[in-house]
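Number of protein chains: 2
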Amino acid sequence: MTSEFELIRRHFSRPTPQAILGPGDDCALVAPSPGMTLAITTDMLVEGTHFLPDTDPSRLGWKALAVNLSDLAAMGARPRWALLAGSLPEACDSWIGAFAEGLFACATRYGVDVIGGDTTRGPRNLCLTAIGELPAGTALRRDAALPGDDLWVSGQPGLAALGLAHLQGTTRLPEALAERCLDSLLRPLPRVELGLCLRGLAHAAIDISDGLLADLGHILERSGVAAEVFVAQLPPLPPDADPVLARRCQLAGGDDYELMFSASPEKRSELAALAGRLALPLWRCGYLLGSVPGRLAVFDEEGQLLAIDQRGYDHFG
Amino acid sequence: MTSEFELIRRHFSRPTPQAILGPGDDCALVAPSPGMTLAITTDMLVEGTHFLPDTDPSRLGWKALAVNLSDLAAMGARPRWALLAGSLPEACDSWIGAFAEGLFACATRYGVDVIGGDTTRGPRNLCLTAIGELPAGTALRRDAALPGDDLWVSGQPGLAALGLAHLQGTTRLPEALAERCLDSLLRPLPRVELGLCLRGLAHAAIDISDGLLADLGHILERSGVAAEVFVAQLPPLPPDADPVLARRCQLAGGDDYELMFSASPEKRSELAALAGRLALPLWRCGYLLGSVPGRLAVFDEEGQLLAIDQRGYDHFG
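Keeping their order, the protein sequence lines are chains Z and C.
The end of the first sequence is residue 317 by the working numbering, with every number in the run present.
The end of the second sequence is residue 1317 by the working numbering, with every number in the run present.
Hints in this document: simulated from the structure, not taken from any laboratory.
The C-beta atom is built at its ideal place from N, Cα and C for all residues, glycine as well.
There may be inaccurate statements among the hints.
Using C-beta positions, here's what the derived DEER-type ranges look like [unchecked claim]:
| no. | chain 1 | residue 1 | chain 2 | residue 2 | range |
| --- | --- | --- | --- | --- | --- |
| 1 | Z | 147 | C | 1090 | 46 to 52 Å |
| 2 | C | 1053 | Z | 97 | 29 to 35 Å |
| 3 | C | 1243 | Z | 54 | 48 to 54 Å |
| 4 | C | 1054 | Z | 52 | 26 to 32 Å |
| 5 | Z | 14 | C | 1304 | 40 to 46 Å |
| 6 | C | 1168 | Z | 308 | 50 to 56 Å |
| 7 | Z | 136 | C | 1101 | 31 to 37 Å |
| 8 | C | 1111 | Z | 121 | 44 to 50 Å |
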């Protein structure tokens, strides 16, 4: 069988122009830009928990990096470097090759150098660490939301969870919608450009990978504010899907890599212009209040208070 | 059952004085020291591959961080920050508590802030990323060895592999030696102070976690040099162990976190003084030659060329 070192050399040796030293030593070496703050995140994807055993390895490679870049985007950081640690049941050249292809497609798209990693044998598990930079004091922190802020969300939350329901046979989507949903699930687009543009424009931001309401809950808790959310102001549900399921996916589905953020009402026109410039819809779906801290009220299309039972996804809940 | 968020809060919320923002947001935020280069490494420990299912979680917590700090030491970097991603089959409070205790004991000993991470459900797998700093141009790279350099190794390589053989029943060690070997295996001491002192003194360095000869091979390959190693100049074998097994463990055993390094012969007295100051033996066990690049000759106690069959451990070999 091909050795671990040989497989890594074959598939993961790419130029790393943003590093002093890339893969192949005890550590990678990088020189941060003078005066910049580093944003660092790590995310682990486990077979059976985060992806199905037959997931296309190329899409998985893209996603493993994309979910980390989404965390950088939610801080407003520019992605620069990533490291990959992976555990695999066997050293399958074609699987690793396809995985690397997806990973580097994502890295190239977002300007990231893959500077190091670790490969080992075991149940399939992929752990990425991503590092980005941002000017000191500009991070979009969860604790920075203010009472009176508008609440915004990007794109079309809920499609990934709908795609998963389709894959699992819980629902049956028409072909075109299924494809769109599976793309959201398997090849998410981290909102890196949006995050960069939100510096100085938004107060708090978070990516809604655990579900819209659950992640909003983190902003409320950390910022000590309350929120009112209006379902009628969220993006329209896909017309071909079961509306009850689609609404639940929108409010509580996981695996969405859209950004939710808060901003002063004075920024509405700037944000509308930004949405046009990025060709990415931004939905003003509610606002924040000073009291009661942590309280979340969601109103349905008729303006009735919604009973919230599924606030999100907690891996050990 | 206790939620993931609650368990993390309970066991992993510690002060992070070296960070702008620690755990609890999309990313951690840190400000690197002006002008310093960052050294970054990631290592994954998998149950069944790197540790046995009944391993004491506190020792495992120590080791998961220590193996990464060893990589920083091998570059001459001062450890500063770490992130932990972990997959666990269940949210067991006592296991996680003991693991955190060992992890933070190691972090405190070496001055590291644990600034973030990820927890999920799946087969037990622990992935640490560590970040250290060093002045620009001072890294101890694998490609920096020079013909004519002496070859040195620290401490007592081979004890960890002997400990593993004892645990697996392949050999039977007397109690005192077994304890010492198991300590090397389960609670290794990364040679951070040594690495810092070797800046400007050594040329190339590597930690010998894949086995002394296998890791020496990486220096030879990257630096384009040859080596002669004299077994008689390595540390004496423990007198109570099977000498054939003990020698094999010394030359080819994995899981040692000693440093092997090359240095000019002019530095011999400085290195001897350093060994005294650190109370850590340093063994001058061979030297490097210009040709043939990559060639490794090992001589036994009688000066006979040794046939090398077990150059180390390759996870997919």
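Hints, verified against the model:
| no. | hint | result |
| --- | --- | --- |
| 1 | Z/147 / C/1090: 46 to 52 Å | violated, 40 Å |
| 2 | C/1053 / Z/97: 29 to 35 Å | holds, 32 Å |
| 3 | C/1243 / Z/54: 48 to 54 Å | holds, 51 Å |
| 4 | C/1054 / Z/52: 26 to 32 Å | holds, 31 Å |
| 5 | Z/14 / C/1304: 40 to 46 Å | holds, 44 Å |
| 6 | C/1168 / Z/308: 50 to 56 Å | holds, 53 Å |
| 7 | Z/136 / C/1101: 31 to 37 Å | holds, 34 Å |
| 8 | C/1111 / Z/121: 44 to 50 Å | violated, 33 Å |
Of the numbered hints listed earlier, those contradicted by the structure are 1, 8.
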